[in-house]
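Trainee: Listed below, chain by chain, are the residues.
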Amino acid sequence: MDDTLVALFLSAPKELAGDLRWSEYPNRTQVGVAVVTSDAVAVGQTLAVVLAVRERRWAFKLKAGAHRALEWNLIPEGEVRRHFNRCPRPPGFPVEDRSPIHEHVWIDGRKLSCPVEGLALSSHREVFHAFCKRANIDPKDAYTQPTETQLTLRR
Amino acid sequence: MISATELAQRVSRLLDAEVETATFDDRISLLTPAEYPDGGGVVVFVEPYGNGFLVSDRGTTEASLVGYVNERRLSESAANLAHRFGVRFEQGRVEATCTNDELEETCWRVALAAAAIGAADAFLRPPRSENTFARLVADALSEGARVERNRRLSGASGHEHRVSIFLPKTHTIIEPIGGEEAWRTARLVYAEFGDLSQVNGYRFHAVLDDRSEPGRLEDEERLLVQKGQVARWSDHGRWLAGLVSGN
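Sequences listed follow chains A and B, in order. Okay, so the first sequence: first residue is 0 according to numbering that gives the first Met the number 0, each after it adds one. Okay, so the second sequence: first residue is 0 according to numbering that gives the first Met the number 0, each after it adds one.
Treat each hint with caution, since some may be false.
Calculated from the model, a selection of chain A residues having no Cβ within reach of chain B, i.e. all distances over 12 Å [to be verified]:
{"#": "1", "residue": "Val5"}
{"#": "2", "residue": "Pro12"}
{"#": "3", "residue": "Glu14"}
{"#": "4", "residue": "Asp18"}
{"#": "5", "residue": "Pro90"}
{"#": "6", "residue": "Gly91"}
{"#": "7", "residue": "Gly108"}
{"#": "8", "residue": "Gly117"}
{"#": "9", "residue": "Leu118"}
{"#": "10", "residue": "Lys132"}
{"#": "11", "residue": "Thr143"}
Have a look at the derived ranges for each label pair, beta carbon to beta carbon [to be verified]:
{"#": "12", "chain 1": "A", "residue 1": "Leu120", "chain 2": "B", "residue 2": "Arg183", "range": "47 to 55 Å"}
{"#": "13", "chain 1": "B", "residue 1": "Val224", "chain 2": "A", "residue 2": "Cys86", "range": "40 to 48 Å"}
{"#": "14", "chain 1": "A", "residue 1": "Ala41", "chain 2": "B", "residue 2": "Asn50", "range": "49 to 57 Å"}
By construction, these hints were calculated from the structure, which means they are not laboratory data. No residue lacks a Cβ here, since even glycine has one placed at the ideal position from N, Cα and C.
So that you can see chain A by itself, here it is in the shape it has in the complex (with noise of 0.2 Å):
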């Protein structure tokens, strides 16, 4: 989707409709699905991924129709990661990201990362608000938990 679309879909005031619903796929992978709607139209869905073999493995997508519009990925701190932004890259975007909690937004098709801020110690439901408030959507009641609880690790 082209970036002018993808600005304008997430600065777009939106709502979720119905609960955050979980489903089971492989390898203890959860995903939790809800509609987002604009003015009561359906445009678009939101995913939340647990991988419940992984602490704090975190992934909140949102897509507009088929096309990915936004995305928040937590891994545990102090775990190797690595992103490079390829050129060109807007403002913000470094060459080279590291950091655990990030954002990806696409442009021209090209997936880009930068980091997010102040969440660290954020529970799921936090993030799941925080992610929905960065894409302007009123969460309502939909956020419910995950079913199966996550693996902890120690360092």
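Given the structure of chain A, go ahead and fit chain B onto it with the hints provided.
Mentor: Coordinates of chain B only, in the frame set by chain A:
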């Protein structure tokens, strides 16, 4: 269990490139030089398994694709891709077991397989653009006519076709054509129109999705005009009213 430092040294020596590691419990995560097509570095995880090791992506590759690809097709393709690299794709994980001697090479093979599977979103994306376009066409038609979606009609072969849009009043079949698999769709519609043309006086229309690029889908147009009428969505102001009224 091998130390993270020793693992990093051995993999670095094999690849002649720097790698990074981190340790959690008895598990080592290894950031390899392999890259997903989107620019992300592939991380593999090493943990003890019997007398050797289990090396896997712990499901992270599949999790990154959830919602973006057709999961059933991903599972089939991922298993084939993993096999080519001498590893497995099972229960959403790219993985392999190995002895201590095979460890660094196994790490690299799992990483390469994960990177290849990560490219799946380029070719396993659900073909939803056609569905969206079909809805657009159906909605436009429904303002002036009764529209049935996915109506089943039997052809001369006996095969039951599911037509995208059917206008019962005028027995008109409308098939929207577009998206990434437009030619494939057009071939199926060609067969559908041919088969159904032998059993009834249906009227056949194909509507080409040229919203993103006017003038595209010329091959599809030349194919389908042999079996019915072909219209471009960019011209719908001219033909839509006639299709609705049956004139």
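Trainee: None of the hints should be skipped; say for each whether it holds.
Mentor: Checked hints:
no., hint, result
1, Val5, "holds (15 Å)"
2, Pro12, "holds (22 Å)"
3, Glu14, "holds (20 Å)"
4, Asp18, "holds (17 Å)"
5, Pro90, "holds (18 Å)"
6, Gly91, "holds (16 Å)"
7, Gly108, "violated (10 Å)"
8, Gly117, "holds (23 Å)"
9, Leu118, "holds (19 Å)"
10, Lys132, "holds (21 Å)"
11, Thr143, "holds (18 Å)"
12, A:Leu120 with B:Arg183: 47 to 55 Å, "holds (50 Å)"
13, B:Val224 with A:Cys86: 40 to 48 Å, "holds (44 Å)"
14, A:Ala41 with B:Asn50: 49 to 57 Å, "holds (54 Å)"
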